[in-house]
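> Spelled out, the chains give:
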Amino acid sequence: MEALVAIIIAVLVGSGVYLVLRARTFPVILGLTLLSYGANLFVFISGRLKLDQVAVVGQSADPTDPLPQALVLTAIVIGFAMTAFLVVLALRAQGELGSDHVDGQRDELSGEHLDEQRQEESR
Amino acid sequence: MSNWIMAPILIPALAAMMLLLEVRERHWLRRVTGLAATLALVPVSILLFRQAATGDIQVYSLGDWPAPFGIVLVLDQLSALMVLLTSVLAVPALLYASHGDDRLGPNFHSLFQMQLMGINGAFLTGDLFNLFVFFEVLLIASYGLALHGRGPARVRAGLHYVVLNLIGSAVFLLALSLIYGATGTLNMADFAARAAELEGPALTLVKVAGLLLCVVFGLKAALFPLYFWLPATYASATAGVAALFAVMTKVGIYALLRVHGLAFSDGALAGLGDMALWVVSLLTLGLAMVGVFGARRLGELVAYLVVMSVGTLVAALAWGTEEAISGALFYLLHSTLICAGLFLLADLVSRGRGEVGDALMAGPRPPAAGLLGALFFIGAVAVAGLPPLSGFLGKVMLLQAVPAPLYWLLLLAGGLLAVVGLSRAGSTLFWRAGEPTANVVLNKGRLAAVIVLLAMAPAMVLLGGPLSAVTESVAAQWAQPDLYIHAVLGYPGGAQ
Numbered sequence: 001m002e003a004l005v006a007i008i009i010a011v012l013v014g015s016g017v018y019l020v021l022r023a024r025t026f027p028v029i030l031g032l033t034l035l036s037y038g039a040n041l042f043v044f045i046s047g048r049l050k051l052d053q054v055a056v057v058g059q060s061a062d063p064t065d066p067l068p069q070a071l072v073l074t075a076i077v078i079g080f081a082m083t084a085f086l087v088v089l090a091l092r093a094q095g096e097l098g099s100d101h102v103d104g105q106r107d108e109l110s111g112e113h114l115d116e117q118r119q120e121e122s123r
Numbered sequence: 001m002s003n004w005i006m007a008p009i010l011i012p013a014l015a016a017m018m019l020l021l022e023v024r025e026r027h028w029l030r031r032v033t034g035l036a037a038t039l040a041l042v043p044v045s046i047l048l049f050r051q052a053a054t055g056d057i058q059v060y061s062l063g064d065w066p067a068p069f070g071i072v073l074v075l076d077q078l079s080a081l082m083v084l085l086t087s088v089l090a091v092p093a094l095l096y097a098s099h100g101d102d103r104l105g106p107n108f109h110s111l112f113q114m115q116l117m118g119i120n121g122a123f124l125t126g127d128l129f130n131l132f133v134f135f136e137v138l139l140i141a142s143y144g145l146a147l148h149g150r151g152p153a154r155v156r157a158g159l160h161y162v163v164l165n166l167i168g169s170a171v172f173l174l175a176l177s178l179i180y181g182a183t184g185t186l187n188m189a190d191f192a193a194r195a196a197e198l199e200g201p202a203l204t205l206v207k208v209a210g211l212l213l214c215v216v217f218g219l220k221a222a223l224f225p226l227y228f229w230l231p232a233t234y235a236s237a238t239a240g241v242a243a244l245f246a247v248m249t250k251v252g253i254y255a256l257l258r259v260h261g262l263a264f265s266d267g268a269l270a271g272l273g274d275m276a277l278w279v280v281s282l283l284t285l286g287l288a289m290v291g292v293f294g295a296r297r298l299g300e301l302v303a304y305l306v307v308m309s310v311g312t313l314v315a316a317l318a319w320g321t322e323e324a325i326s327g328a329l330f331y332l333l334h335s336t337l338i339c340a341g342l343f344l345l346a347d348l349v350s351r352g353r354g355e356v357g358d359a360l361m362a363g364p365r366p367p368a369a370g371l372l373g374a375l376f377f378i379g380a381v382a383v384a385g386l387p388p389l390s391g392f393l394g395k396v397m398l399l400q401a402v403p404a405p406l407y408w409l410l411l412l413a414g415g416l417l418a419v420v421g422l423s424r425a426g427s428t429l430f431w432r433a434g435e436p437t438a439n440v441v442l443n444k445g446r447l448a449a450v451i452v453l454l455a456m457a458p459a460m461v462l463l464g465g466p467l468s469a470v471t472e473s474v475a476a477q478w479a480q481p482d483l484y485i486h487a488v489l490g491y492p493g494g495a496q
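Chains as they are written, first to last, in my numbering: chain A, 1 to 123; chain B, 1 to 496.
Honestly, the hints are just simulated from the structure, not real lab data. Virtual Cβ for every residue (Gly too), placed ideally from N, Cα, C. Please note that a few of the clues may not be correct.
[As the list claims (entries may be wrong)] Partial list, computed: chain A residues near chain B (C-beta under 7 Å):
hint, residue
1, Leu32
2, Ser36
3, Pro63
4, Met82
5, Ala84
6, Leu97
7, Asp100
[To be verified] The list that follows gives simulated cross-link-like pairs (lysine to aspartate or glutamate, DMTMM-like), each with its CA atoms no further than 25 Å apart:
hint, chain 1, residue 1, chain 2, residue 2
8, B, Lys207, A, Asp52
9, B, Lys207, B, Glu322
10, A, Lys50, A, Glu2
11, B, Lys207, A, Glu2
[Unchecked claim] Have a look at the derived ranges for each label pair, beta carbon to beta carbon:
hint, chain 1, residue 1, chain 2, residue 2, range
12, A, Ile76, B, Leu164, 18 to 24 Å
13, B, Phe228, A, Gly98, 43 to 49 Å
14, B, Asp266, A, Gly14, 36 to 42 Å
15, B, Val396, A, Gly95, 36 to 42 Å
16, B, Val279, A, Ile8, 34 to 40 Å
17, B, Asn443, A, Ala10, 53 to 59 Å
18, B, Ala459, A, Val11, 41 to 47 Å
19, A, His101, B, Phe293, 28 to 34 Å
20, B, Met17, A, Ala10, 49 to 55 Å
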């Protein structure tokens with residue numbers, strides 16, 4: 001089970017890092033989400049992996065660690081709020097800079113080119 | 001044990017909520033509430049500082065849970081000094097913003113108080129996860145403040161700032177869970193006590209975690225190669241916000257200093273990351289020099305001066321002797337206040353120059369150019385480290401404490417390039433100026449805020465003796481992590 005969880009975290013973080021390095025805001029937001037999922041899962045297992053155990057001391061012979069669960073809840077809430085904020089900011093950037101590029105660069109394909117492309121597609 | 005230690009967190013938190021409830025149209029009411037709450041922090045932080053100066057370390061257990069299990073707030077001399085610095089900085093910054101800038105968006109005052117709460121909380125907490133939470137509080141408030149006032153430049157810089165800090169938060173979480181997994185604690189004192197005795201794979205994990213923490217704090221402090229967000233973000237933020245942000249990089253430095261002093265000073269983790277921090281801080285210093293020299297706008301120039309001060313400070317931290325920390329603390333107080341003053345001054349000058357703004361090219365003469373020029377001169381002399389002002393004193397203390405040729409070279413060359421850059425900027429702004437634009441009057445309130453901050457430069461020299469005694473005693477306490485560990489856990493570090 002440790003190996004499986006480790007691979008899941010590695011895949012999440014790896015994909016997250018790849019997406020964060022993209023040039024458009026939407027993949028970057030998805031990447032940050034995956035990255036924070038990976039980090040949250042990592043926080044969760046820092047109290048060791050245990051199957052079928054409650055997180056209450058005294059209710060079980062070998063209780064699972066309750067603290068990481070509290071920590072991860074905090075981290076999830078914070079991460080969620082930050083992602084929501086980033087989505088709004090990205091929309092705002094799209095509106096003000098006229099592009100979803102992370103540096104606010106205008107597309108070469110924007111304007112006339114894009115219109116031509118659309119016309120061709122519609123034909 | 002006194003309850004006053006909660007006040008620097010509670011006052012801004014309550015004020016922020018009150019400000020949200022107040023009617024939006026009543027700007028004066030919001031200004032009065034915000035200013036009153038910020039002013040109230042000054043006597044409170046002076047009181048706390050006086051309590052800490054006796055040498056006692058106060059520990060406040062939230063919810064009365066005993067130390068390694070519950071969250072504690074810890075007031076030692078270092079945190080008291082940082083809280084005091086924040087409150088002294090916040091008053092003029094808010095005063096400046098209250099003359100118009102706060103009306104550019106609806107919730108400026110509330111965000112400002114939240115920012116203060118996050119900064120004070122980060123300085124006072126004695127728990128690593130709680131530090132993460134306060135970092136997030138100050139960050140989300142800073143996102144709002146950095147974007148306050150609209151404009152494409154702000155949105156572009158803000159996007160980078162937010163994305164970078166979100167990645168930083170993820171790395172912070174990874175480091176924290178490594179620490180928890182390996183030592184079973186997140187309390188700073190308990191972590192320090194346990195880390196000293198680690199061995200085997202657990203030690204390797206904690207070393208990785210410690211270096212990840214250095215990366216996160218380096219991002220907050222704006223160290224090479226993680227400083228590229230700073231000039232754009234600070235230069236495009238509204239002036240009052242940029243002035244408050246001058247203390248934000250110092251939150252990163254404080255966190256480095258705290259973790260370093262406690263856990264990386266001796267024991268199994270001794271000297272962790274020192275070499276990397278030394279190299280990186282010297283690179284920061286060198287590149288910031290180039291930035292100061294090449295800046296095209298006054299705001300950008302001041303932002304690079306902030307980066308330069310960060311390099312100067314972290315190099316002293318990596319050197320790690322008590323004298324170096326004492327000098328660094330003096331320099332930290334000076335550079336925070338003076339850079340904040342220069343941010344405000346840059347805005348004041350750019351307002352008088354019409355469309356040219358703070359770009360470093362010939363433009364209309366700002367109103368009261370003589371007075372502003374004199375203030376700029378004082379700020380420039382102080383920040384470049386020329387005698388007789390505070391920067392000179394700070395640099396002398398640092399040069400005495402860190403006898404490394406490379407550091408001397410970079411610090412002195414940095415001073416020289418700063419002088420050249422600043423005099424070029426000053427002569428462009430005030431001497432190569434054309435006819436003043438009509439209808440621009442100097443706002444007295446804004447001017448007062450600038451004068452208060454820049455007056456700190458001569459004040460810090462006049463009070464140089466007592467002030468350096470203070471920083472020496474702070475550094476002496478910092479160099480004895482056992483005191484901190486004993487105060488929090490009730491038993492000396494290491495022996496359980």
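> Hey, does the Leu97 of chain A contact hint survive, CB to chain B under 7 Å?
holds (6 Å)
> So, Asp100 of chain A near chain B? Judge it on the closest CB pair being under 7 Å.
violated (10 Å)
> Is 18 to 24 Å a correct range for the gap between the Cβ atoms of Ile76 of chain A and Leu164 of chain B?
Cβ of Ile76 of chain A to Cβ of Leu164 of chain B: about 21 Å, so the range 18 to 24 Å holds.
> Kindly confirm whether 36 to 42 Å is satisfied by the beta carbon distance between Val396 of chain B and Gly95 of chain A.
violated (51 Å)
> Quick one: are Met17 of chain B and Ala10 of chain A within 49 to 55 Å, going by C-beta?
violated (42 Å)
> Was the hint right that Ala84 of chain A lines chain B, CB cutoff 7 Å?
At 10 Å from the nearest chain B Cβ, Ala84 of chain A fails the 7 Å test, so the hint is violated.
> So the hint says 28 to 34 Å: do the beta-carbon atoms of His101 of chain A and Phe293 of chain B match that?
Roughly 30 Å apart at Cβ, these two residues keep to the hinted range, so it holds.
> Please check whether Met82 of chain A passes as an interface residue: C-beta within 7 Å of a C-beta belonging to chain B.
With a closest approach of 6 Å, the Met82 of chain A hint holds.
> For the pair we were handed, Lys207 of chain B and Glu2 of chain A, check the Cα-Cα distance against 25 Å.
Holds, because 22 Å separates the two Cα atoms, which is no more than 25 Å.
> Could you say whether the range 41 to 47 Å given as a hint is met by the Cβ separation of Ala459 of chain B and Val11 of chain A?
Because 57 Å falls outside the window, the suggested range is violated.
> Return the status of the interface hint for Ser36 of chain A: holds when the least beta-carbon distance to chain B is below 7 Å, violated otherwise.
Ser36 of chain A check passes; min Cβ-Cβ to chain B is 5 Å, inside 7 Å.
> Is it true that the C-beta distance of Val279 of chain B to Ile8 of chain A lies inside 34 to 40 Å, as the hint says?
holds (36 Å)
Of the numbered hints given earlier, the model fails hints 3, 5, 7, 8, 13, 15, 18, 20; all others are met.
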